[in-house]
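> Okay, here's what each chain looks like letter by letter:
Number of protein chains: 2
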Amino acid sequence: MKAIIITIGDEILMGQILDTNSRYMARQLTDIGVEVTEILSIPDRRDEIYNTVEYAMEEADLILVTGGLGPTKDDVTKKVLAEYFGSRLVLNNQVLGWLENMLKGRGLVMNEENRSQALLPDNCRILRNLKGTASGMWFEKGWKSLISLPGVPFEMEHLMDTCVIPELKQKYPHLQLKYRMLKVYDVPESQLAHRLREWEENLREGLKLAYLPAPGLVKLRITAKGEEVALLEETYESLKRELAGLKVVEGEDTIEKQLGALLRKKAVTLAVAESCTGGYIAHLITSVAGSSDYFKGGVVSYANEVKVGVLGVDPELLAREGAVSEPVVLQMAEGVRKITGADYAVATSGVAGPGGGTPEKPVGTVWIAVATPQKSYARLFTFSFTRERNIAKAAAKALEMLMEDVLNESR
Amino acid sequence: MKAIIITIGDEILMGQILDTNSRYMARQLTDIGVEVTEILSIPDRRDEIYNTVEYAMEEADLILVTGGLGPTKDDVTKKVLAEYFGSRLVLNNQVLGWLENMLKGRGLVMNEENRSQALLPDNCRILRNLKGTASGMWFEKGWKSLISLPGVPFEMEHLMDTCVIPELKQKYPHLQLKYRMLKVYDVPESQLAHRLREWEENLREGLKLAYLPAPGLVKLRITAKGEEVALLEETYESLKRELAGLKVVEGEDTIEKQLGALLRKKAVTLAVAESCTGGYIAHLITSVAGSSDYFKGGVVSYANEVKVGVLGVDPELLAREGAVSEPVVLQMAEGVRKITGADYAVATSGVAGPGGGTPEKPVGTVWIAVATPQKSYARLFTFSFTRERNIAKAAAKALEMLMEDVLNESR
Numbered sequence: 141m142k143a144i145i146i147t148i149g150d151e152i153l154m155g156q157i158l159d160t161n162s163r164y165m166a167r168q169l170t171d172i173g174v175e176v177t178e179i180l181s182i183p184d185r186r187d188e189i190y191n192t193v194e195y196a197m198e199e200a201d202l203i204l205v206t207g208g209l210g211p212t213k214d215d216v217t218k219k220v221l222a223e224y225f226g227s228r229l230v231l232n233n234q235v236l237g238w239l240e241n242m243l244k245g246r247g248l249v250m251n252e253e254n255r256s257q258a259l260l261p262d263n264c265r266i267l268r269n270l271k272g273t274a275s276g277m278w279f280e281k282g283w284k285s286l287i288s289l290p291g292v293p294f295e296m297e298h299l300m301d302t303c304v305i306p307e308l309k310q311k312y313p314h315l316q317l318k319y320r321m322l323k324v325y326d327v328p329e330s331q332l333a334h335r336l337r338e339w340e341e342n343l344r345e346g347l348k349l350a351y352l353p354a355p356g357l358v359k360l361r362i363t364a365k366g367e368e369v370a371l372l373e374e375t376y377e378s379l380k381r382e383l384a385g386l387k388v389v390e391g392e393d394t395i396e397k398q399l400g401a402l403l404r405k406k407a408v409t410l411a412v413a414e415s416c417t418g419g420y421i422a423h424l425i426t427s428v429a430g431s432s433d434y435f436k437g438g439v440v441s442y443a444n445e446v447k448v449g450v451l452g453v454d455p456e457l458l459a460r461e462g463a464v465s466e467p468v469v470l471q472m473a474e475g476v477r478k479i480t481g482a483d484y485a486v487a488t489s490g491v492a493g494p495g496g497g498t499p500e501k502p503v504g505t506v507w508i509a510v511a512t513p514q515k516s517y518a519r520l521f522t523f524s525f526t527r528e529r530n531i532a533k534a535a536a537k538a539l540e541m542l543m544e545d546v547l548n549e550s551r
Numbered sequence: 141m142k143a144i145i146i147t148i149g150d151e152i153l154m155g156q157i158l159d160t161n162s163r164y165m166a167r168q169l170t171d172i173g174v175e176v177t178e179i180l181s182i183p184d185r186r187d188e189i190y191n192t193v194e195y196a197m198e199e200a201d202l203i204l205v206t207g208g209l210g211p212t213k214d215d216v217t218k219k220v221l222a223e224y225f226g227s228r229l230v231l232n233n234q235v236l237g238w239l240e241n242m243l244k245g246r247g248l249v250m251n252e253e254n255r256s257q258a259l260l261p262d263n264c265r266i267l268r269n270l271k272g273t274a275s276g277m278w279f280e281k282g283w284k285s286l287i288s289l290p291g292v293p294f295e296m297e298h299l300m301d302t303c304v305i306p307e308l309k310q311k312y313p314h315l316q317l318k319y320r321m322l323k324v325y326d327v328p329e330s331q332l333a334h335r336l337r338e339w340e341e342n343l344r345e346g347l348k349l350a351y352l353p354a355p356g357l358v359k360l361r362i363t364a365k366g367e368e369v370a371l372l373e374e375t376y377e378s379l380k381r382e383l384a385g386l387k388v389v390e391g392e393d394t395i396e397k398q399l400g401a402l403l404r405k406k407a408v409t410l411a412v413a414e415s416c417t418g419g420y421i422a423h424l425i426t427s428v429a430g431s432s433d434y435f436k437g438g439v440v441s442y443a444n445e446v447k448v449g450v451l452g453v454d455p456e457l458l459a460r461e462g463a464v465s466e467p468v469v470l471q472m473a474e475g476v477r478k479i480t481g482a483d484y485a486v487a488t489s490g491v492a493g494p495g496g497g498t499p500e501k502p503v504g505t506v507w508i509a510v511a512t513p514q515k516s517y518a519r520l521f522t523f524s525f526t527r528e529r530n531i532a533k534a535a536a537k538a539l540e541m542l543m544e545d546v547l548n549e550s551r
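Residue numbers (this note's numbering), protein chains in the order written: chain A, 141 to 551; chain B, 141 to 551.
Bound-form chain A, shown alone (with noise of 0.2 Å):
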């Protein structure tokens, strides 16, 4: 089964907004076994709308959209879809009354424009929607389906969750479209690629390997369509065995994820102390729900104050030696760790940029410490991206250092 997505908007198409649902809906239709051929953008205007709808129809067997639902004047998704299908827009009393309830739930009066949220279709099928004053809409035409959801995201989430992917999986329970993922670290893509070459022209048809590269790694993902799927799991293993003695980690996860599951699975608990990255190594620990079971906490130290009077950092040191260096980066790391009771702890210390570069440490330079139990030690890295980039870069390889000693430490 074949589908296309259309997301909706001027806004992505000048770049002010990240659509993030094309990539939400991608996901869950995949995972069901749909084949997600082609993901469209295009502006809130009639002919656009109407154009796509057409040639979506007709290329594909299941079309979702998204955005253009809204109350103002910019979204016009619903009259085209109604002119499409040859509807009559006509005022829905039952959805009418849901708009009311929720309406007076947040303390507000109905007005003309909310009013119109409940003009809809007369032969489509509305999905009741709890977050917000849009209906989704199943549109049928002979076997095909089009589907109309709003654009903001909780929302569009909420009906894929509760509406759309339970009913589709109930309509197609054969679909067939499967996949497996690894990752291998420290290894550039084109020497992989060299290596996988002969395995890989002896795959048989139905049956696609991908390189997906990413800082530090490359993911390499199998896909399965048809008969083939029964073919997948021999597949991945000999993909494995083709993979020997390399660093492979199996699976999707983020490294964030596999920490935490490593750390839950040992008892032990972690600490950070950031100054290059600002937070952000906390930030990507604690958006693993439960990592409260393993996180003690942090000290996001910018100033040389918080260094000396937090984490305690000898000032002495600090000014010989510089933030950005081996000793106060392993002061850091050992002071979180003590300052917290933590069994792990995590530094960075950095010139993330675009400013604050000098001949001898310029933007990019990363000190990064660990301190565990048994030992504590520290890592020179030189980026060279830009200050989001370097962020990201370092809080993956301290994640990674992480990773590495909680593995190999034995408690």
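Keep in mind that a hint or two might mislead.
Since the list gives no way to pick one copy over another, a pair counts as held whenever it fits inside one copy or between any two copies.
Using 30 Å as the maximum straight-line C-alpha spacing, the simulated DSSO-like pairs for lysine-lysine come out as follows [unchecked claim]:
no.: 1; residue 1: K309; residue 2: K219
no.: 2; residue 1: K244; residue 2: K501
no.: 3; residue 1: K501; residue 2: K397
no.: 4; residue 1: K533; residue 2: K281
no.: 5; residue 1: K478; residue 2: K405
no.: 6; residue 1: K537; residue 2: K501
no.: 7; residue 1: K271; residue 2: K387
no.: 8; residue 1: K537; residue 2: K397
no.: 9; residue 1: K318; residue 2: K142
no.: 10; residue 1: K359; residue 2: K309
no.: 11; residue 1: K533; residue 2: K271
no.: 12; residue 1: K219; residue 2: K318
no.: 13; residue 1: K537; residue 2: K244
no.: 14; residue 1: K533; residue 2: K397
no.: 15; residue 1: K387; residue 2: K311
no.: 16; residue 1: K271; residue 2: K359
no.: 17; residue 1: K380; residue 2: K318
no.: 18; residue 1: K387; residue 2: K244
no.: 19; residue 1: K359; residue 2: K219
no.: 20; residue 1: K219; residue 2: K142
no.: 21; residue 1: K501; residue 2: K271
no.: 22; residue 1: K406; residue 2: K244
no.: 23; residue 1: K323; residue 2: K380
no.: 24; residue 1: K323; residue 2: K365
no.: 25; residue 1: K142; residue 2: K284
no.: 26; residue 1: K478; residue 2: K537
What the hints contain is simulated information worked out from the structure, not anything from laboratory work.
With chain A held as given, fit chain B onto it using these hints.
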């Protein structure tokens, strides 16, 4: 001038990566007055790429393509473009030299896959990629251009910034599309639309108002095309008059950037104590270049020991009231203000979810406190979203509270 952006990669259609490239390109093109009419994401397959390129070359004047230029077998963009533009792929010795140098610098030896990166179409201009091994390619056909860039974001950004945008600016100096933005806080989109309805209906053709709802605010954008560009400023002023009495912030800057500018202007400093937001507020603040001028740092006090031991929260109070309570969050804010010596401090304590909720303090309950040179106070919020969204919402509210206090206190 109309542009279409094409992003190529199965990983986008499977929802495995978020396509941030198209947003970056759309933004840069919009800023120089190019109108992006469509963004198309398609798979790594010959037919889909060929057909999409053919369609885009008919519909637009400028086509930007990213992805599918890696050295691996699943990357087919280059071959398809050569086919479409009738090119021969020839070994480009200049590019081969660049690649050899780059690999040597990284301590790698060239293999067949790397070498294939120097095999390039003979009828396009090569854009030198200083950050990776895939070159950019600029094809021309009549007055139309198709520019192919690598899919790795920082390589694409590097080529956009150093080649594509400067050359487009030089080639098309009279592009006409401009916009102005402002943000309106604490008014629902439908009420704003109601208020602006008449004003909007009287807008001239070529001027367009768009509503971009975000958590707690609505962004308004006026876009002017062609001759109406001359009317943009006066229309923007007239919009501001229509909004008199509402909480309006001009421009597009994030609140963390605006807060930073304000702190710098007033020469005051800031610190944070985060429990449920887990470092995210510090991360937002330090994502702004130059934030070390006003940000002292902070404490992520996930565990109660850290609240007591580092921030100085009274342990009896903590035991009696619980971590998610008004007196505790006040002591956190006051504590971090004291230990860092900052002028202003903000603290959060809440239940981010999905676990940890109780009937009295359900998931989404968040206390936020601010401590200033003049006062301290706390406010209670009840969000009701996912973990990620609760963290983001709490951080946004914390920054808003700070903004208001720093604005209103003289110093």
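> If a hint holds in the structure, say so; if it doesn't, say that too.
Status of the hints after comparison with the structure:
In this assembly of identical chains, K309 and K219 lie within 30 Å of each other by CA distance solely inside one copy; the values are 29 Å within and 38 Å between copies. Taking the shortest Cα distances, K244 and K501 sit within 30 Å of each other only across copies (23 Å), while inside one copy they are farther apart (59 Å). For the homomeric pair K501 and K397, the shortest alpha-carbon distance between copies (26 Å) is at most 30 Å, but the shortest distance inside one copy (32 Å) is not. For a Cα distance limit of 30 Å, the shortest separation of K533 from K281 qualifies neither inside one copy, at 48 Å, nor across copies, at 40 Å.
In this assembly of identical chains, the alpha carbons of K478 and K405 lie at most 30 Å apart only when taken from the same copy (22 Å versus 37 Å across copies). For the identical chains of this complex, K537 and K501 are intra-copy neighbours only, at 19 Å inside a copy versus 37 Å across copies, given an alpha-carbon limit of 30 Å. When the C-alpha separation of K271 and K387 is checked against a cutoff of 30 Å, the pair qualifies only between copies, where the shortest distance is 25 Å, while the shortest distance within a copy is 44 Å. In this homomeric assembly, K537 and K397 come within 30 Å of each other (Cα to Cα) both inside a single copy, at 15 Å, and across copies, at 27 Å.
Proximity of K318 and K142 under a CA criterion of 30 Å is satisfied intra-copy only: 14 Å inside one chain copy versus 38 Å between copies. Proximity of K359 and K309 under a CA criterion of 30 Å is satisfied intra-copy only: 28 Å inside one chain copy versus 37 Å between copies. For the homomeric pair K533 and K271, the shortest alpha-carbon distance between copies (15 Å) is at most 30 Å, but the shortest distance inside one copy (36 Å) is not. Within a single copy, K219 and K318 get their C-alpha atoms only as close as 37 Å, which misses the 30 Å cut-off; across copies the closest is 28 Å, which meets it.
For a Cα distance limit of 30 Å, the shortest separation of K537 from K244 across copies, 23 Å, qualifies, whereas the shortest one inside one copy, 50 Å, does not. For the identical chains of this complex, K533 and K397 are neighbours both inside a copy (17 Å) and across copies (22 Å), given an alpha-carbon limit of 30 Å. Within a single copy, K387 and K311 get their C-alpha atoms no closer than 42 Å, and across copies no closer than 48 Å, so neither meets the 30 Å cut-off. Taking the closest pair of Cα atoms, K271 and K359 come within 30 Å of each other only across two copies (20 Å); inside a single copy the shortest separation is 36 Å, beyond that limit.
Taking identical chains as interchangeable, the C-alpha atoms of K380 and K318 lie at most 30 Å apart only when both belong to the same chain, with a minimum of 17 Å there against 53 Å between chains. Within a single copy, K387 and K244 get their C-alpha atoms only as close as 57 Å, which misses the 30 Å cut-off; across copies the closest is 23 Å, which meets it. In the homo-oligomer, the alpha carbons of K359 and K219 lie at most 30 Å apart only across protomers (24 Å), although the nearest pairing inside one protomer, at 43 Å, exceeds that limit. Taking the closest pair of Cα atoms, K219 and K142 come within 30 Å of each other both inside a single copy (25 Å) and across two copies (26 Å).
For the identical chains of this complex, K501 and K271 are inter-copy neighbours only, at 21 Å across copies versus 50 Å inside a copy, given an alpha-carbon limit of 30 Å. With identical chains, the CA atoms of K406 and K244 are never at most 30 Å apart, being 50 Å at best within one copy and 42 Å at best between copies. With identical chains, the CA atoms of K323 and K380 are at most 30 Å apart within one copy only, with a shortest distance of 11 Å there and 52 Å across copies. In this homomeric assembly, K323 and K365 come within 30 Å of each other (Cα to Cα) only inside a single copy, at 22 Å, whereas the closest approach across copies is 47 Å.
Taking the closest pair of Cα atoms, K142 and K284 come within 30 Å of each other only inside a single copy of the chain (10 Å); across copies the shortest separation is 32 Å, beyond that limit. Taking the shortest Cα distances, K478 and K537 sit within 30 Å of each other inside one copy (22 Å), while across copies they are farther apart (32 Å).
Of the numbered hints stated above, those contradicted by the structure are hints 4, 15 and 22, listed in ascending order.
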